[in-house]
Every structure is written in C-alpha cells, then in structure tokens.
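**Q** Here is how the chains run, residue by residue.
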Amino acid sequence: MAFPYATALLAVPAAGAAVTAAIPGSKEKAVRAVAVGVSLVTLALSAALLVDFDKGVAGYQFVQSKMWIRPLGIHYLMGVDGISLFMVVLTGLLFPIALLASTHVSKRVNAYFALMLVLEAALMGIFLSIDLFLFFVFWEVMLVPMYFLIGTWGYDRRIYAAVKFFIYTAAGSALLLLGILSLAILHAKAPGAHLTFDLRTLMEWKGLNPNTARWLFLAFGASFAIKVPLFPLHTWLPDAHVEAPTAGSVLLAGLLLKLGAYGFLRFSLTLFPQASVDFAPLLLTLATIGILYGAVVAAMQRDLKKVVAYSSVAHLGFVVLGTFALTTIGIEGGLFTMVSHGLTTGALFLLVGILYDRRHTRQIDAFGGVWKSAPKLGGIFLAVTFASIGLPGLSGFVGEFLSLIGTFVVHRPYAIVAATGVILAAVYMLWSFQRVFTGEPTGDNATFKDMSRLELATVLPLLGFSLFLGIYPKPLLERVEPSVKALISHVESRTDYHQPKVADLGPKAVASSSKEGGR
Amino acid sequence: MIALAALLGQATPTDTSTKIPVPQVDWLSVGPEVALIGVAMLLVLIAALNRGRRDLSGVYLDVGLAGVAAAGLCTWKLWTVVVHSGDAYQSLTGMVAVDGFSVFARTVILAATALGLLVAQGYLRREQVEGPEYHALLLLSASGMLLMTSANDLIVVFLALEILSIALYVLAAFDRNRLESGEAGLKYFVLGAFSSAVLLYGVALVYGATGTTSLTGIANYLASNTLFSSGLLLAGAALILVGLGFKVAAVPFHMWTPDVYQGSPSPVTGFMAAGAKAAGFAALLRVFVSGFGAYSVDWRPLVLVLAIASLLLGSIVALVQQDVKRMLAYSSISHAGYVLIGVQADTKGGVSSALFYLLTYTFMVIGTFAVVTIVGRKGDRRHSLDDYRGLGSRAPLLAGSMTFLLLAQAGIPLTSGFVAKFNVFAASVDAREYGLTLVGVITTVIAAFFYLRVIVMMYMSDPPEGTAPAGDGLRAFTLDPATGLALGVAVLATVVMGVLPGAFIDFARHATLLF
Amino acid sequence: MEWAVFVVFAVAALAGAGGVVLSRKPVHSALSLVLTLFSVAVFFVLQGAHFLAAVQVIVYAGAVVILFLFVIMLLGIDQDDVLDEPLAGQRPLAVIVGVALFAGLLLVAGILTPTGAPASRGSATQGDVANVERIARSLFTDFLWPFEITSALLVIAVVGAIVLARQSGPGRPLDEEEHVGAGSDEGPAALLEQES
Amino acid sequence: MNVPGAWYLTVAALMFCIGAIGLLVRRNALVMFMCVELMLNAVNLTFVTFARMLDDIGGQVFVFFTLVVAAAEVVIGLALIVSIFRRRQGATADDISLLRG
Amino acid sequence: MDAVRLAWLIPGFPLAGFVILFLGRRYLKEPLAGWIATLMMVGAFVSAVVVFTGLHSLDEEKRQVVLKGVEWIRAGGFSVRFNLLVDPLSITMVLFVTGVGALIHLYSIGYMHGQERFTRFFTYLNMFAFAMLVLVLAANYLLVFLGWEGVGLCSYLLVSFWFERPSAARAGKKAFVANRVGDFGFMLAMFLIFSHLGTLDLLPALSSAPHLARGTATAVALLLYLAAAGKSAQGPLFVWLPDAMEGPTPVSALIHAATMVTAGVYLLVRSHPFLEHGPAAGDVVAWVGAFTALIAATIALVNFDIKRVLAYSTISQLGYMFLAVGVGAYTAAIFHMVTHAFFKALLFLGAGSVMHGTEDNQDMRVMGGLRKFMPLTAITFMVAWLAIAGIVPFAGFWSKDEILAAAWVGGAGVSAHYFLWFVGAVTALLTAFYMTRQVWLVFFSDERWRGRLQHEPHESPKLMTVPLVVLAVLSFVGGAINLPVEGLKNLTEWLHAAVPVKPLEAHSFGQGFLLSTVAVILGGIGILVGIRIYNKGLRNGQDPVLVRLGALGRFFERGWGIDPAIAWFVDKPGRAVAEVLAQPVDQGIIDGAVNGVAALVTGVGAGVRKIQTGFVRNYALTLLSGATVVLFVFLVRGSL
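Protein chains in written order, with my numbering: chain A, 1 to 519; chain B, 520 to 1034; chain C, 1035 to 1230; chain D, 1231 to 1331; chain E, 1332 to 1971.
Calculated directly from the structure, the hints in this document are not laboratory data. A hint or two may mislead.
What the hints assert, rightly or not - Simulated coverage check for chain C against chain E, where a stretch passes if three residues somewhere in it have a Cβ under 8 angstroms from a Cβ of chain E: (1) 1119 to 1129; (2) 1139 to 1149.
Stated by the list, open to error - Once the Cα atoms are required to be at most 25 angstroms apart in a straight line, the calculated DSS-like pairs of lysine-lysine come out as: (3) A:Lys474 to E:Lys1399; (4) A:Lys485 to A:Lys206; (5) A:Lys449 to A:Lys376; (6) A:Lys376 to E:Lys1360; (7) B:Lys596 to B:Lys867; (8) A:Lys107 to A:Lys29; (9) E:Lys1360 to A:Lys449; (10) E:Lys1393 to E:Lys1820; (11) A:Lys55 to A:Lys501; (12) A:Lys189 to B:Lys867; (13) A:Lys55 to A:Lys474; (14) A:Lys66 to A:Lys189; (15) E:Lys1703 to E:Lys1867; (16) E:Lys1360 to A:Lys372; (17) A:Lys107 to A:Lys27.
Fair warning: this is a prediction, and the values are worked out from it, not measured in the lab. The beta carbon of each residue, even a glycine, is placed where N, CA and C say it ideally should be.
Input sequences plus hints: build the corresponding full structure.
**A** Next up, the structure:
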C-alpha cells in the first residue's frame, strides 16, 4: 500500500483550515503560524510526491479508489499522472508564498487564512480527481473561498469583481455539469455499462455519437474557456485580478487560470478526441487572438496590476495554443507554460503588491525611478519581467517556444501570428517597467522602501525556480512526457488525426518527399 | 380494489337494514395523520383547561414535538411494513395509499413540521404570543400535508389540500401587529379558495371522464379503456394541474407566493415553503405520474413549460428584490421549477429525484427562514437586505449558517442542494430533456447571483454606522435555543446530505420503487 | 314539466349569479347568491339528489349566507361598493378570459359528455333505497376516511376563527415607517398611491 | 322528458365562469367570497349531474364534502376579513396591497 | 583535440566572472570588480588562443568539432543539448570577441571610474561576454538564440545603464523591442527548419539544407535575415542603434560596434547553405545591405554627436558586411567584421576618451583642436580613421576592397551587381568624407570648446590609452590576416572548413588592381574634400555641408525620416488600435456585453416584477389566464 498522497494533500490543508478557523481571530500570530505551517507541510507532501513519482509511467499513480455515492456510481477516485503532477507541486509551492505574502491582511485574519487553506484543498482536489463528479465538486467548491477572498479582502471594487468572478465561472460550470451528466448518463445507457463518472472508463467508451460528442465538447469547453480565459470570455479576469488581495491575485493567476487549460487537457482531449480535433482550429484561433489581444490591451492599461492581468490572457493563449496543436511538443510546451506562468506571474503580482503597499496606488503614472530608491525591487522586477516575456534561460521561454514549435509543425499560420506576441510582450512589459522604475525618482518614490527579507523570501523562490526550469527543464519535461504521449496516442487511436513524427522530418524524408513532388 | 369490490358486494344488494358494515380500518396506515390531529386537539384542550393561567409554551412545544415523534414512529413502522411486504397497498377502501412514496414524503413533511415548531418557538416568545393555537394549527396543517401524500383519491387530495391550506391561511395572518400579515392571509385565502374551486372543478371533470376519483381507479380505467374523447379528462387534468401548481408555486400560478411569503410571520413562511411545497408535489406526482400516467405524452410538455417558466421567472425576478423574504419567495418559485424538472422526466429516477429535492429543500429553506426569523428581530420587520449588512461580524455563526444555507440553495457542491440539483438534472438528461436541463443549469447561475447579494451584505459591506461591532451579536439577536436547535439541525442535515447523500438517495429510490 | 322547471331555475340561477357579480351593494349580492343557491338546490332535486338539496338549503342559505350578512352588517351595510377599476385592462381581460374558459370547456373540451364507467360505487338512482341512505352507506363505507378527516377541517375552522377574531393585542395603529419599505423598495409613495 | 345532463353541465360551467369573472372584477372582498361560493356551487352541480349521468352515488357524496369545505372556508375567510377590516374601515380588498413587486 | 575541449572555458570564464561579481556585489567594489572582469576576459581570450592552436593543428576536414554538453530541452522528439560547435568560424569570432572584449574591459576600468554602479557595470559586461560567446559557440540554433537573446538583454541593461535618464531608459527599451522584431524572424526560422529538417542542430541542419525546397530555403534565409537585421541594425530596424549611444561609451564600443551588432552577420554566414539554396534571399540581403550602408553614411554626414556619427558609421559598415553576405562573399564579410571590430572599437574608445577629457561632451560643435590636449587619443583615432576610409595599407582597405570586388563580380547570382558596387563605392567615398569631417571637427580646426567647458581637455589615463594603442596597431596591421595574394589568404583558407565556399575574386589581377585603385582614389577624394572643407571648422557654428545641402541636408539630419515614419506608420496606428481595443472594445463591447447580459436579466426582472401589482384580483386574473392557456394547450395538443 503506497502512501495515500492524494488524500493527504487534500486532508492536510482541509484540516488546517478547520484548525485555523477555530483559533480566535485576535490571535493573529498563531493563525498565521498555523496556516503557513500547514501549507509548508502540504508543500513537503507535494515535494515527496514529486520524488516518489515514477517518471517512466504514463498512467495514474498513487490511485485511491473508494465508493462514495453508491446510487450514482460516484467514487472517491484520486490519483496523479504526469499532467497533474506539476499542477499539484505548483499548488504546494504557491500557497506558502501566498500566505507569507498576506501581511497586509488585518481584518478577520482567521477566516482569511482558513479560506486560503480551503482553497488549497479544493485545488488539490481538482488536480487529483479522476472521477468527473469529484472533479466537479472541487471545481465548484473552489469558487467559494475565492469569492470570499476577493469580496472581503479585496480592494475598492471588490464586490463587483467577486460577484462577476463567481457568476462568470459558475455559468461555465453549469455547462460543465450538464456535459458531465450527459456523458455519464449516455454511457450508462450503453449496453453492459453502468453509471460511472470514472474518467478512465469514460474515455475508453467508443459509443458516443460524434455529433453529441461535439456538443459535449462545447459544454466542457465553455467552462474551461472561461477559466483559462480565452478571448472573448476573459473580462472577469482583469477585474478579479485587480481587485483581489495580493495573495489572491497570485493564486488566481498562478493556479486558477491553469484549471481551464488543465481541464482541456484532462477531459476535453481524452473524452472527445474527435471533437477536439474538429474544434482545434476554433480554439487555436481564439488562443491566437488572445495572445495578441491580451498583449495589445495590456499595453494600454494605466493600472500596473491590469497590465499583469492582461498579460495572463496572452500567456494562457500560448497554453491553449500548444494544447490544441495536438502534438507532444505543443502540449508539453503548454504544460510547461502553465507552470512557468504560475511562477512568473505569481511573482509579478507579489511585486505589484509590494508597490501598492508602499504607495497605495497601482497607477503607473504615480511611479517613476523606483529602481534607484529600491534597487532590489527594481532588479527583481526586471528579472521577473524578462522571465515573463520569455527570455531564453528563464522558464517562460521554454514553454512558449515549445508550444509555438509544436503548433508550427501542424498549424503554421497560428504559430506565425502567435509568435508576434513575443514582440508585443516585450513592448508592454518593458514599457511598464520603464515608466515605473526608470527615471529620476521624485516625491514619495524617492523614499521608496526596498524589499524586506520576508518579501524577498516570497519572490526569490519563484524567480529561482523560473531560472532553474529555464536552464534545466528536463525534470519537468521527462515526467510529463509519458502521460502526454499516452494522451496523444489516445487521440490518434480514436481519430484520423496523426501528429507528424519528428523522426519523419529528417533530411532523408525531405529528400524523398521532394522527389515525390518532382514526379 | 379487490377488497373494495368485496366490500361492495357485501354491502349493497341484500342489506337494506340500517346496519352499515364498517370497513376495516388499518390504523397504522393513517397513524401519522391521526397522531398529528390528535395532538393538535390535545393542545387545544390543554389550553382550554389552562385558560392562560400558566406559561405553558414549553409544554406546547414538547407536546407538539411528541406528536411529530409519534407520527414519525408510525411512518418508520410503515416503512418497515412496506419494505417487508415488498409491495404497495391501499387501505381504508382505497382512499389511502401505503407505499414507499408516501413514507418518504411524510418523512419530509414531518421534518418540516418539527423544524417549523422549533423555529416558531423563539418567534412566539419574542413576540409574546402565548397559547397553543399556533402549534395546533401548524400540526393540523401538517396533518393535511400528510394526508395529501398518502391520498389515493382525488377527493382526499382535495380535502387534504383544504386542511393544509385553511390552517395556513390562519397562520399567515397570525401576526396581528403587522398589517402585512393580515394582507398575506387574506390574499392567500382569496387566491387559495379560487384555486381550490378550480381544482375541484377539475376533479369533477375527471370524475365525469372516468367515473371515479380513485387514482388507482383512474389509472386502471385509462389503461384498459380508450376514451372516445379525451377532452373531458384533459380539461380536468389541466384544472387539477392549475390547483396543484398553485400550491407548489409554479409559474403562472405563483402570484401569491411573494406577497404571502413576505407578509407571513417568518417561521410560518419557512414551514409553508417546505411543507406545502412538499405536499403539493407529492400530490402532483401521485396524481399525474400514477393517475394520469397513460396521458404523460399530453401533460409532460405542459409541465415542461411550467418548469421553464418557474425557473426563469423565479430566478430573474428574485434578482431585483430588496426584501430578503420576498427574494426567498421568488427563489422558492425557482426551486419549484427544479422539482418540476424531476416531475417532468416522468420516470422513477425523476420521481425519486423530485422527492430527494424536496427533502433537501425542506432543511435548506426552514434553516434559512430560521435565520430570517432571528434577524427580523422583535416585530419581525427587519427583512430588507440592508438589515443583513455586516451580519458577518456582528453574529458570525448566524451569518455563517445563513451563508452555508444560501450556498446550498444555490447548489454549491458539498451541500445537499447540489446533490439535489444534480439528481434532478440527471433524471432530466436521462429523459433526454437537454433543453430543459440547460435552462435549469443556467438558472442556477442567475440564482447564485441573488444569494450572493445577501452574502455580500453580510460579509463585504461594512456594518451600518451606529451599530455595535462584533461581540454585541447576542444582545442584538435573541437566539432562542429551540430556534438555534432547528437551525443547527437544518445546517447539519444540509451538510450530511451534501457530503454523504448515498443513503438518502437510496431511500428516495427505494421509496419510488414502491410507488 | 322538468324542462319548464329547469328553464325557470336555470334562468334564476344565472340571474342570481349575475346579481352577485353586478350588484352595487354587498347585501344585494348576498341576496342574489341566495337565489342561485336555491336554484341549484332545485336542480339537485330534479336530478334525484334530495338529501343534498336539503343540505344545500340548510347549510348555504341557512348558515353561509347568514354569515355573510352578519359580516356585511358588521362592516357597514349601507356602503356602496366602489365600482371603478383602478387596474387598467383588468375588466375586459377578466371577461375575455372568463368567456374563453367557458368556450374552452364547452367547445374544445366537450365536457358535456361523460366518458367514465357508470356506477362504480353503487347506483345513484336505481333501486328502491332512499337517496339519504345511499349517501349514508357510501359515506360510511367507501368515503369513511374523507368523512373522518373533515373533522380536522372543522377543528381548524373553529380554532382559526378564534385566533383571527381575538382582539389584536396592543391594537396600536401602524406607523407608516414600519410597513413602508418592507414590501416594496419604492418607498412611501407606493403606499400613498393606493390610499388616494 | 328528462332534461339531458348536458344542459345542467352547461349551466354549471356558465356559473363557474360568471363566478370566476366576478372574482376578477369585484373589489369588495366579501363579494369575491360570494363569487367563490358561486364557483363551488357550479362544481357541485357538475358533480350531481355527472352522478346522475354515470348513475354513481359517488358524485353526490363529493358534494357533501364540498359543502363542508365551503362552510369551513367561509368561516375562516370572513374571520380574516373581519380581523383586517375592523382596523381599516370601509376598505376594499384592493386597499391591502402593501405587498407587491 | 584536448586543446579544443578547452572551448568550455571560453564562455566559462565570463560566466564565472558574472557569478562572482553578482554574488559578491556587496564586497567587490571599484576597481577590484573591474579587474576581476577583465581577468576573466583575458582568461577567455587565452583559452580561445589555446583552442585556436588546437583546432589549427587538426586536419582541415576535422576542424568542425562538436563538444557534447548536457541536454537542455527534450520534448516529444524535439531535443536540444548544450553543445558547443568549435570550428574556424566560431573560433575566429571568439578570438576577436574575447580579444577586443578584454581590451574594452580594461578601458572601462578607467572610463567607469567613480561611477555609482561600477560593480554592476562589470557584472553586465561579463554577462554580455558570456552570452556573446554562447551565441558564437553554440552548436544549435536554439542555443544560438539563447546567446542572441542574452546579448539583447545585456544590451538593454547596458544601454539603460544610466536609467535615471529617461532617454537612456527609452533607448534600452527601443533596442530590445527592435531586436525582438528580429527575434520573431529567428523563431520562425527555427520553426521552419525544425518542421522540415527535424532538428535545430547546426551541422545536420546545414548539411541537409540543400534538400529543402527552394521556397522553404529562401523563407528560412529571409527569416534569419530578419533576425540579423534586428540585431545588426539593417533596413528600417537600424533606428535603435543611434539611440543606443545613450549607454556608456565602452558599451557602445563593445556591443554596438565590435561584437553584438555583428552577430547578425555571423548568423547569416553560419547559415549560408540556406542563402545559397534560396538565392532570392541573397538579393534582398545585398540590396538592403548596400542601401543601409548608403543611407547611414548620408546621415553620418550631417550629425554632430561624436558617438552618433560613429553609430551611423557602424550601421553603414554593417551594411557592407551584409552586402558581402548577399553576394556570397562570406569570408569577406567575416574579414570586414574583424577589421571593423578593431577600428570601430578604436573609434568608439577614442570618442570615449575625448568625452572623458571634455566633461562628457558629445557635441562635435563644442570640440576642435583637441590633438594638442590628447595627442595619443588623436593619433590612435586617426589610425582608425584611415582604416575606415580604406587607405592602403590600413586594415579597412583590405576588407572593404574585398567586398567591393565581390560586389563587382556579383556572386550568388545577384542581379545588377555593378549597381551594387556603385552604391558601395559611393558609400566608401562618403565614409571617407564624414570620418574626415569628424576627425577635423574634433582634433583639428578651431577650439570651439573654449568658453563652453569648465576645464581644459586632458588626455585619458593609461588604463584607457593602452587599449587604444593596441587597437590602433591592430587596425593598422589587421588586414594582414587575409591579403589578396595567393598563399596569404589566411582567413579564407582557415574559414574554409566552416564556410566551404569558393571566394569571389576579380576575374583577373588587373581588374582587381583597377578596382582597388578606384576604391583608394575614392577614399582619397573623400579625405581631401573633407580636409578642405573642415580645415576651417564650422562657419558661425553652422556646418557648411549641411548649409549647402539645404533641404536634403535636413532630410539626412532627420535620419531620412525613418524614426518619424515608424512613429507614424507603426507606433501611432498601433497605439490607436490598442487604445480602441483597450477601451471601446474590451471595456465597451466585450465587457459591456457581459454586463449587458446582467443588466438585461435584471431589467427583465424589474419589468416582470411590475406584473406583481399587489392586487389580489390581478393575481387571480393571471392564475385564471394561466389555467385557460393550460387548458387550451392541453386540449389542442391532445386533439392532435
């Protein structure tokens, strides 16, 4: 019996939430200590999972299965594979950081930290679920703490943002629920089948009518597309990101946005391979538009946090692009970008939070020359900026490059257009940096306090991991690859689609194909 | 039916003397109803003997609860009987159906009754309303609801409807200090009487169409005969649908709901929302699914329209309400829509999902109204959204319970509300009603919006100026232990049915199998 | 003979019904109601329901209408009803819907021909047993349970009447501030609008 | 000789509809109750007529129950009206419309 | 072979320097940090020399050595390793990069004296050197790209080194963004190569390039050229380079003259199989190169900023190199790159020295007659001047001569190559002229600085002049590495292993001699005219040439209006589109639709709510209507 990682990863933060909630809010220090401690334990667990993970295996590992709701055939079915592994680890990593960065929280501290831990549990649940119902449960539950975090501890327009976030994503989930239900019930009606929500069973079912599959794909996809968010379903994102407290933004960008892309990978591609192939052009188009659109709109924002928020739209565009390229390279690139974006954008939000803490504004115009008065902040901000815009040697590049090249081999036009996003990213990020950090500081900017040790401790790990993954992405890619390959071959086995083999691309192949062309 | 025929055979031809053979009475089959009516009368008796000399309010509650417990025992006993006999049967010359369905529906109603009594206790004390009339009327109304669940004859359905309604009219108008209460009672009464007349006309037409009012009789007649004209039957069914639709607050027969829910004393509203709806749906299910089952092709599209209208109107109009009770009234309309989705499926799964929905809704809605009762404070007047401002810091537990219950009503997972909606949608999808299901899921989103409004007020809007900060909660809100108990039970049930719903779903399924 | 009686009382019943609806004073409505009730009793007799005819006269004319008259007197007998209609379109719509309902029942549904099986619970008119006894037999055998539960109905009526008729406790007048805003968010204007 | 049941049924339907219209057009709560009574009587007539046409005593028994219900309704309804209008003299049913929207 | 393995040390030294300086930034202050950095560069240079000798000792066929490193990225058949490609081409680049780099490091110790962020400067410099060396040593396009972006980053950091100056910050960003435009091409080129050849490793990709369809090869070549144009400031993308002069002068010398800007040339030379296989690309490269050379020269003609003149000159010289690449004279391009590195670095360092001595003044109108005050600077500067003007036997003569000859011959099927030669020749004339103008305005003519500077100009310290001298020597003799005489074409033969292309030569010795003579004569004319005009300095602070040229002069002065054109045609519409997208579209339409749906639902709710009039009769009416409708629906459906 292997160590029940899934349950542990779920239970530790959940129990921590209960404990945290039980401590009176007046004992602020105790609350913080417990919450951070719990999140560190979770981090340790996810690290242990990473170590224990067998990197050669494509299927689920550490699977736990137990009947939950018998009459509905619902199992408590959890496990991890290459696709979810790093999402889990990223969750484990970002939470201690987000909790440490929550220094400005002063009202109802216990509730805040308890909700954070609930959120962590829900996210772990989402990434670890193999049962569709279970997945949906966590998917919806996750909304609640996030809603409260934005709505209670956010900034001025927090209520609007929180409600918008909730309603928007709930709308997506509604369709997802419909999709899950329809799929499971249609499957149950098939001869010899019974009602089950087990992804592994459902994905092997071949009896789904192609037309129905397309509708179901859309139902699933709508939900995921909102979460990603794909253009034009993105407008909840800037509001939610900007109004959320710093830690909330970090988690929103770092983890919640990944849910959509993760959903596409985990469910859309596996359950509806043919529909995925059919709809790939649509999603690629939206992703490409998102890349350009996010970048262009980001450039025009006056609020620094909005710049970062819109940049997420662009970055996640790369993820979806890579995913729906339906090539091993593309999907690995997408996954890599997910992790990388979690690190860099998380760090960016932390830094913007620091700027806000000092000046109580996020308006770019209000800053200037901060690099001079706060050299560490400036330097780190710049480093993170470059990581974010995909400078080789930092993690952003590897992901973007792989998604683009993975797309290029099958869908050239999208990759070409999307690659211009690389230029635009430099424009808006460096322009923002220039306006905030360069020049001669005046007024409050001249007496800007540089980063404290705690702040460094929150940002530097993210930057460090970004650098590490930029130079040595292998630990991630090699664990991801078997699962991605299995996913692609699953899609190939069910459709006419075949991804071009790199082995076929070599010079000999070129020579022979040109001969054929000559005939 | 066989027993009935035998009885008739004995009774009519020869015996012309004044002796009338009394039919065999299976007391157990009507035990719950009898228990409640008996206890209600006992309460009136106690009050008459006491003549207001001593404060017996605690005793009234205990007696009432004892009655509910007795009824519950009977119900449980019935369950074992039904399960052991393995089949449904009728008693009292076919007037009473003894089956899993009635047992389940009774369980729901008894739960509503017990919680209704508990919630009301704090209210009665606070408003200094003495006397057991409230309890007696509540129990009598509950007995009407129970009668409805087991009614196997349209005439019993009608009588039960009247019993539950007339008691509710009085309860709605119970608060003499608020003009709204009287208005609610009167409006409910006028419309209730009107709809009863319509229902009764429908019964008459069905009687003309089939020659009987017994539901099994109707079903058998329709199954074995092809009517040369179905107009009479369909007209009757339509009018019955109107009458029952009125009771469950389905659009377009819902107009009374907001006014009555808002005007009635808060505990009454909770009881009304839970019990009357459950009873109405029990009757609707029995009459249509079992009685008019042969004509489901005709009534299903109609129920579909009612369901869609209820879902949309309920959730959309709730958006613009400023009064929490009124908002909850509209929400109850949309909840009726969800149950109608289950009804519309016209399958065992659909019926069981509707039953399960009613069970969960009972706890959710009474719990919610328990909070509303407490927040309403003395005079039962503070129900506007603004009155919830800052509740999160003033009374964290209260606000927490309210939040949880509202999220449950919104259908967030790990609450019973989610499982209930999931079941209903599953049944609908199973019946290939994708359009209806789509409307259902979309309205959950709209509905989420107005539940969130309350939550926003409680947590995210700062408390109004002049009110004391946290810690003062206990003085601001008098929390009666009984009301607290009801709230706790409601929350607990909502959690349990949300996290471990398996047994309850099984119960509902089992109930439906014996239908 | 039966035709003549039927026509006379049909006209009377409908005239009474019209009177209820159209009379200016509630007292006149109540008296018109008596006319209708009596006519219906005659119809009962014509159709062999003698017992019901008697009950109809006793309960309705003797009790119900008297009760109505009591209340009318209690609230002021000499008051004319306000007959103008504040709700735009209510009256024409009411008539249209009423007529449509009637047309629907008669023409589309064709309710005039019963399709049921005859005599499932014993004959109404055949045989030599008196109508009262037939009803009694049916009531205490087939309809025993409904008969018993009407007791609950009566208890409710009694208790409810007591509850409602009891003088309201403090009997204080309502301050405007208290009920305005509870129901509608339109403020005091909404209330004034109705009272003017 | 015998008047066909259809005629009774027609009269009953007409009474029902007149009662319904009356309820919709009259503002006086008392008159509205009377209209409800009209409707119930129409139903009673329908029951009795069907009882004769189907030759089934059941129809007549229903009328008995209807009478009881009608009586109980009247008691409660009138009590409600009294309790409300004692406080607001000369009011019509319309005047109690605090609750709306 | 073992010596070749030492190639790891070449980027290793500057990387170590970077890490040491970064980690020890608190403790390592002036001048220690500078010395460490310089030492690292010297180390790299020494290793480069060792590797060079090692490589030289190998047989020519074996002179392409791939050193295997760890795997960088592998995903689904896509694999990139940290491999180094040691071959004559890369080692040639490495030698002058490390050599010139070491000198500039040394110079910087003096130049950056007293600067606030002294250590940071050298950290950046070492990081730059590392990236540059990765770029040239990489055995894989993606690794090249890593270095490519690395030097771009360092360029950004160093250009905006004095970020307090908004102009510096802006210039840095501009440089980076313009480079990114090129990177876009680089990435697409890599995508194309990978999708057709299945690898990004240089050697296999290049060797199989001839198998590609012509169109594809042309596309690859053009995309690579786009990358090169960004990095090497060609075509309209050159606009960033003059602005980049905001950086400290050693940076201009190292990055924006000697090394980084030539990376584009290196990339194209390295990828020559694609160019050869897609000859249309060669046309584009040659033509754009030639005209960039001409345009930049005309702008240099009328500029008064000592560094900007040199920047335009750099652009112009890079144009020459691309001209060479375009006509297939790869060796010539590399040759000119090397000599250019010597004399242009010298010019920049000299300019820096002048600025150092004149209170950081860059305006040539405030100079004049400085030779008396800084003789060493003046002499070395003049060596470079003669080199760039193409006077025999200075280094520039040989390399420029080779390019012009190649253009005349017109290799690689380039069309209208005589015209290209003509453009090149005119540019040569202009080059000689504007450089003369600069020399005379700075070191000769009247002392216009008097009264405008606080102190008298002074010569720079040894730390700065020593590199000047070394570079002057190299600028003088640098041409020796590739003399147009059989047996002395050392560079051509050496590079043959990496660029196995037959060098283009004049058809006959006579023709070659004639061409050389023409070139020298043109240079001479330029110089003489320049001296004649500028010997008297400015006329009332006005440049006589500028005055004479009139409108054309102002056109030149404004850089042919390219910056405004970009602002007008790219920046402005881009910004307008962005504004439209950000406000009316995003907030208005898209978010408006979202909020509109919400408002619609609420509006419907508010509307429907009005039905709830509060009048019970009205409710009854609804109920009865509902009943009637239900009845009808039911019946109509039932009768169907």
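**Q** Each hint needs a verdict: does it hold in this structure or not?
**A** Now for the hints, and whether the structure bears them out:
{"no.": "1", "hint": "1119 to 1129", "verdict": "holds (count 5)"}
{"no.": "2", "hint": "1139 to 1149", "verdict": "holds (count 3)"}
{"no.": "3", "hint": "A:Lys474 to E:Lys1399", "verdict": "holds, 17 angstroms"}
{"no.": "4", "hint": "A:Lys485 to A:Lys206", "verdict": "holds, 20 angstroms"}
{"no.": "5", "hint": "A:Lys449 to A:Lys376", "verdict": "holds, 10 angstroms"}
{"no.": "6", "hint": "A:Lys376 to E:Lys1360", "verdict": "holds, 18 angstroms"}
{"no.": "7", "hint": "B:Lys596 to B:Lys867", "verdict": "holds, 24 angstroms"}
{"no.": "8", "hint": "A:Lys107 to A:Lys29", "verdict": "holds, 13 angstroms"}
{"no.": "9", "hint": "E:Lys1360 to A:Lys449", "verdict": "holds, 24 angstroms"}
{"no.": "10", "hint": "E:Lys1393 to E:Lys1820", "verdict": "holds, 20 angstroms"}
{"no.": "11", "hint": "A:Lys55 to A:Lys501", "verdict": "holds, 22 angstroms"}
{"no.": "12", "hint": "A:Lys189 to B:Lys867", "verdict": "holds, 15 angstroms"}
{"no.": "13", "hint": "A:Lys55 to A:Lys474", "verdict": "holds, 11 angstroms"}
{"no.": "14", "hint": "A:Lys66 to A:Lys189", "verdict": "holds, 23 angstroms"}
{"no.": "15", "hint": "E:Lys1703 to E:Lys1867", "verdict": "holds, 17 angstroms"}
{"no.": "16", "hint": "E:Lys1360 to A:Lys372", "verdict": "holds, 18 angstroms"}
{"no.": "17", "hint": "A:Lys107 to A:Lys27", "verdict": "holds, 12 angstroms"}
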